[in-house]
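Guided by the hints, dock chain B onto chain Y, whose structure is given.
Residue numbers (our numbering), protein chains in the order written: chain Y, 1 to 321; chain B, 1 to 146.
Among these hints, one or two may not hold up.
Some but not every residue of chain Y turned toward chain B, in silico, with C-beta under 10 Å [to be verified]: (1) 48; (2) 55; (3) 99; (4) 103; (5) 306; (6) 308.
Every beta carbon over 10 Å from chain B, so not counted as near; a handful from chain Y, in silico [what the hints assert, rightly or not]: (7) 14; (8) 47; (9) 56; (10) 107; (11) 133; (12) 141; (13) 145; (14) 147; (15) 153; (16) 166; (17) 211; (18) 212; (19) 261; (20) 279; (21) 310; (22) 316.
These aren't lab readings, by the way, just hints derived from the structure by calculation.
All of these numbers come straight from a predicted model, not from anything done at the bench.
Glycine included, C-beta positions come from ideal geometry on N, C-alpha and C.
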Amino acid sequence: MADINDRGQIILVAAFALGVIFIALAVVVNTAIFTENLATRSESTDGSDALQQRYEVEQSVGDIIQSVNEDNLELSDTEEKSVSTLRSLNWLDYNVSNASNQIAYWQGQNGRLSSVEVNKITGGVRFISSDTAQNFTEGGSNSSTWNLATSVEDTRSLRINITNGTSLNDSQFGAFNLSVDDGTNEWEMAVYNNSGGDVVINVTEPNGGSAECRTPDSNPTIDVTGGTFAGKVCPALDVSDGTDLTFGSNVSDPYTISFENATEIKGVYSGVVNVSSRGDVGNVDGDTAPAIYSAMVDFEYRTKSVRYATAIRVAPGEPPS
Amino acid sequence: MNERGVSSTLSYVLALAIAALLITGLITAGSGFVTTQRDAVIREELEVIGQHVASNVEQADRMVEASENRTNATVQVNQTLPSTVARSQYDVRLDASESQLVLTSTSPEETVRVNVTTNTTLEDSSAGGGTISVRNDDGNLVIDNA
Numbered sequence: 001m002a003d004i005n006d007r008g009q010i011i012l013v014a015a016f017a018l019g020v021i022f023i024a025l026a027v028v029v030n031t032a033i034f035t036e037n038l039a040t041r042s043e044s045t046d047g048s049d050a051l052q053q054r055y056e057v058e059q060s061v062g063d064i065i066q067s068v069n070e071d072n073l074e075l076s077d078t079e080e081k082s083v084s085t086l087r088s089l090n091w092l093d094y095n096v097s098n099a100s101n102q103i104a105y106w107q108g109q110n111g112r113l114s115s116v117e118v119n120k121i122t123g124g125v126r127f128i129s130s131d132t133a134q135n136f137t138e139g140g141s142n143s144s145t146w147n148l149a150t151s152v153e154d155t156r157s158l159r160i161n162i163t164n165g166t167s168l169n170d171s172q173f174g175a176f177n178l179s180v181d182d183g184t185n186e187w188e189m190a191v192y193n194n195s196g197g198d199v200v201i202n203v204t205e206p207n208g209g210s211a212e213c214r215t216p217d218s219n220p221t222i223d224v225t226g227g228t229f230a231g232k233v234c235p236a237l238d239v240s241d242g243t244d245l246t247f248g249s250n251v252s253d254p255y256t257i258s259f260e261n262a263t264e265i266k267g268v269y270s271g272v273v274n275v276s277s278r279g280d281v282g283n284v285d286g287d288t289a290p291a292i293y294s295a296m297v298d299f300e301y302r303t304k305s306v307r308y309a310t311a312i313r314v315a316p317g318e319p320p321s
Numbered sequence: 001m002n003e004r005g006v007s008s009t010l011s012y013v014l015a016l017a018i019a020a021l022l023i024t025g026l027i028t029a030g031s032g033f034v035t036t037q038r039d040a041v042i043r044e045e046l047e048v049i050g051q052h053v054a055s056n057v058e059q060a061d062r063m064v065e066a067s068e069n070r071t072n073a074t075v076q077v078n079q080t081l082p083s084t085v086a087r088s089q090y091d092v093r094l095d096a097s098e099s100q101l102v103l104t105s106t107s108p109e110e111t112v113r114v115n116v117t118t119n120t121t122l123e124d125s126s127a128g129g130g131t132i133s134v135r136n137d138d139g140n141l142v143i144d145n146a
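Chain Y on its own, in the form it takes in the complex (with noise of 0.2 Å):
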């Protein structure tokens, strides 16, 4: 018979087994916490930065773009203005190399690295009407029913600044009218006062559907590719009878962008087309000068968890395709 000290090793044993398995179960359920804790982070990628760079970068070329195409319209007229001038200027790839220097310094304290280049240039026509109380007859005189621009492939920052929103025709009919026809599709967008003395916008569009805006405002900006009359969301412009459609949006290249009564408004119009040569625009009384339409630039974009790299199209104030 065994010592009363020797009893009982059959219990040690059996709970120093125990004691293991439930020591393995702490070492498992351990492991979940790594992954639990993996789990409360939102995202350990920062893939939502590298898109708010790319948008970053698109509206910093776009302004660049604007702030180029302004310096040329202000070029004398002795110096040549063409799309080819611009770019032996290199006032684009310029600027955008040191938008991009600036962005890479920024984003480097951050550990990211990101560069901007322009790959191309489209080029087209800017115009701008001078005079507030001028009104949009062809030339400041001639014909009030004219076309502004012939075989245009796009057009950007079309914007009409109302400055006799008082006095505008007082019926859709005869009133000043923007058409825009690729010769089987046409939109029109009439400008007029309503009985209340609001200014309205009516755009018509080519399957015969129309919609209206208005404003009491007696001096506001249509913004035509912008979607935007007096300030806000005009869903004529934007989305007329709830087809999801923009103006001019069902309208095949090239198209024909012309003016009707222009005798009945007052203001400034200003816009950039892309037209393969300055004849294309029409007599505007103001300036037309050659201009960037759109660029189109390399970006990339590095961390140590993301890469990307794409080009980047710009071209500011141009509706969605």
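Below, chain B without anything else, positioned relative to chain Y:
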């Protein structure tokens, strides 16, 4: 006195048998409990990892969508994830036809499916545990080990 009722040998055998029975029961129940917990932990971990990979796939999708030319945009999203779940190897498979990520651990074998919603087309591909990268491959999203 000691010889009454049962012999000491029988008494030993009985005591040992009862103790063994009791202890076997305890160990079986204990290890069973641990196994259940481990399976649950593995499924939970695979779920978390799957959600992360899915979020990276969707992030890459947004980046491809924002690109001018989908086929030649370089998009790569890497994330370092645990290389094992509860000391079991696992792999992640991108199932293009079901739009799902299928995560499978090797031992014990557990499978978890996580849905991904993308506009960009997916391509059947797979990656093991560790650093998993989501890439744009000619306009299709694939996963692999970076």
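> Can you name, in rising order, the numbers of the hints this structure does not satisfy?
Replying inline: Violated: hints 3, 4, 7, 8, 21.
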